[in-house]
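Chains as they are written, first to last, in my numbering: chain A, 207 to 382; chain B, -5 to 199.
To be clear, the hints were calculated from the coordinates, so they are not data collected in a lab. Errors might be hidden in some of the hints.
Taking lysine-lysine and the BS3-like style, the derived pairs with C-alpha atoms no more than 25 angstroms apart in a straight line are [claimed, not checked]:
1) 60(B) to 379(A)
2) 257(A) to 57(B)
3) 261(A) to 57(B)
These numbers were taken from a predicted model, which means no experiment stands behind them.
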Amino acid sequence: MKKIMMTLFTIVLLFVCSANVSAMSESDLYAKLTATYNINGYNFTISAGDKVLAKKYLDAYEVSSKDADYIAGKIDEAVSAMRNSGVNDFSDFSKLPKSLKDTLRKLVEDIAANTSVKATVKKGKVVIFNPDGTVFAEITKTVKNTGMNMSIIASLALVVVIAGAIILIKNAKVNA
Amino acid sequence: MHKKHKFSKKVFATYVAISFLFVSVFIVCVYFGFNKTIKRYTNLINTVAIKRSEEAREISFDKVNKKLEVMPAYGDKYGNVIIDSIQLNLPLYYGDNEEILSYGIGHYAGSYFPGEGGSIILAGHNDPGYFERLSEVKEGDKITLDVSYGKFSYKVQSTKIVNENDLDSFPISEDRELLILYTCYPKGIGHKTERFVVYAEGDES
Chain A
207 MKKIMMTLFT IVLLFVCSAN VSAMSESDLY AKLTATYNIN GYNFTISAGD
257 KVLAKKYLDA YEVSSKDADY IAGKIDEAVS AMRNSGVNDF SDFSKLPKSL
307 KDTLRKLVED IAANTSVKAT VKKGKVVIFN PDGTVFAEIT KTVKNTGMNM
357 SIIASLALVV VIAGAIILIK NAKVNA
Chain B
-5 MHKKHKFSKK VFATYVAISF LFVSVFIVCV YFGFNKTIKR YTNLINTVAI
45 KRSEEAREIS FDKVNKKLEV MPAYGDKYGN VIIDSIQLNL PLYYGDNEEI
95 LSYGIGHYAG SYFPGEGGSI ILAGHNDPGY FERLSEVKEG DKITLDVSYG
145 KFSYKVQSTK IVNENDLDSF PISEDRELLI LYTCYPKGIG HKTERFVVYA
195 EGDES
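Here chain B stands alone, though its shape is the one from the complex (with noise of 0.2 angstroms):
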């Protein structure tokens, strides 16, 4: 006669545990393995999926009162952030929750447009494909905003490692066009309190 064995609540609780250890090692090897493949897909799927943001208003600039006319609506791409020195050439979006960050670069929508001669906030992860080499960044780089109604230059002035609530660290000028770069430091899984920030201002050279 077939014996049916019992489903314990032990060998159960084995299996979780084999379970869970397996999904750790195997997250781990994958990330760190394949994490340019997963991009590369992850981008595709993006680039899809966001369509309606890749076709952004048209976005008017008043040169003479550095203002913007018409914004680009909250989760547009309107632009590009390009770093030459670390070959950086990344999609801009306005905006900067979550969905938005998991795009590219997320412009924080409490600071002002590049132009404007406010301070600029500009937000990236720190994985690979977003603001992982940010903090190789040196003095005197140059950064490029290129956005739909021109192109922006900047010379990066200093770098620094802040806790996330000095706020003091992430001023809002409003005539001061200061450009604020920053991604959690130092890299790895899970919550960090720092933050790498660059601080760039008008190239005029």
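Next comes chain A alone, as it looks inside the complex (with noise of 0.2 angstroms):
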């Protein structure tokens, strides 16, 4: 009986420095991260900026070993996310359909709730946060809008708008 107790705690040592040992390094999930995953024939992988972002975050701050594991199995419950959701074309996300961006959202606010790395998704835009709580970086896509400053043009057209308002309820004041 000693010795059949001395076999199972053995295996149950084994099974837990084997859990030890395949705890995902922050270098092994960078590797996940940034893979080049096939989904329905298309080969998905994030930005090259992206993949910046998520160096400069690991270079600065330390992700546990457990928080590393639950966000790489976030990370493959997305691609079979994606998968199962039979689109094949991923250039443009605010073109998936709206069930599978809510996933996706979801899968963000999880490791956001369970994990040291805080982000929201909002209005299509991810926004990644230092541990402080202030912006780390928000995720958008490489080229940017960079027309002429419509705040200026809106602020003045908000002034009209509302002189304009002013009159025109004075006028039907007299009138009325």
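Got two chains here, separate frames each, mind docking them using the hints?
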């Protein structure tokens, strides 16, 4: 009986040790995050800019192997959801089915809720936070819209519209 | 007896149409007639509004490993972009969301920092006081990034007009310090699908 218990104990010990060995390191996580996945014939990988951001984050902050494991699991779930959606073009995320976008958003929220890596998805924009709660970076498209600064024009338009509305109301009162 | 006039839908629609016309004409006249004055006041407002950003955290640069040990915070001003050939000297911010681009030149966070040896991507509006005159930059012109941890000089290699979706024109390399500046092209109100891009590399001279 004692021998059986010792054997069981050894098996458990070995299992625990092997689990520790297979725990994901930051570099493993980076490799998984930046890998190319074949999804329904489409070779999907995050953009070169997002890879730089991931590296910057991992260089700046330590992610525990427990958190790295959790995030790796969520990456697998994301890939699986993308495959199951039947979509075969991921070049424009805004055109993905709402159900898939919701699933991916939920995965990001799960990571934020259960690990030290904090992020939010709002209006299609992913924001990564520093541990102190300030913004680390926004994950956006590489090339931005750099047309005329519409905020100046919008402010002026607002002023004129308000002025117009006041005139309209005054006229309405006079005519009443 | 005083007669009451009903404020009919037709009259209301006419008022709205006339207002809209006036608004449009007013905006165009004000913007193009007083853009320098507007810019001056906008800068003044921005200077007050982004006071936190002006008090940027101290950045440390490891010259041996060519790597920033402490990065600027997202939205912080950490230097200036200087192009003497077009009399340009503008504040440089880390990050390039809409808000940041209204302050000055934005540094795409998915690119490298000056001195790190990788691609650096900078964006600016094509308004006066931003990258309005970027299309006047010529091959051989000098660009200086005067950042809080040093001065980095680049020489313009080429310029071109590209489609906004042509990501190959915005390469992110980790082993070639390529400075990429861009703005919408051509100038004007509305969404532009093209970008004027300037490529510059480290100036050894």
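Hint by hint, here is what the structure shows:
{"no.": "1", "hint": "60(B) to 379(A)", "in the structure": "violated, 70 angstroms"}
{"no.": "2", "hint": "257(A) to 57(B)", "in the structure": "holds, 23 angstroms"}
{"no.": "3", "hint": "261(A) to 57(B)", "in the structure": "holds, 19 angstroms"}
In terms of the numbered hints stated before, the structure departs from hint 1 and from no other.
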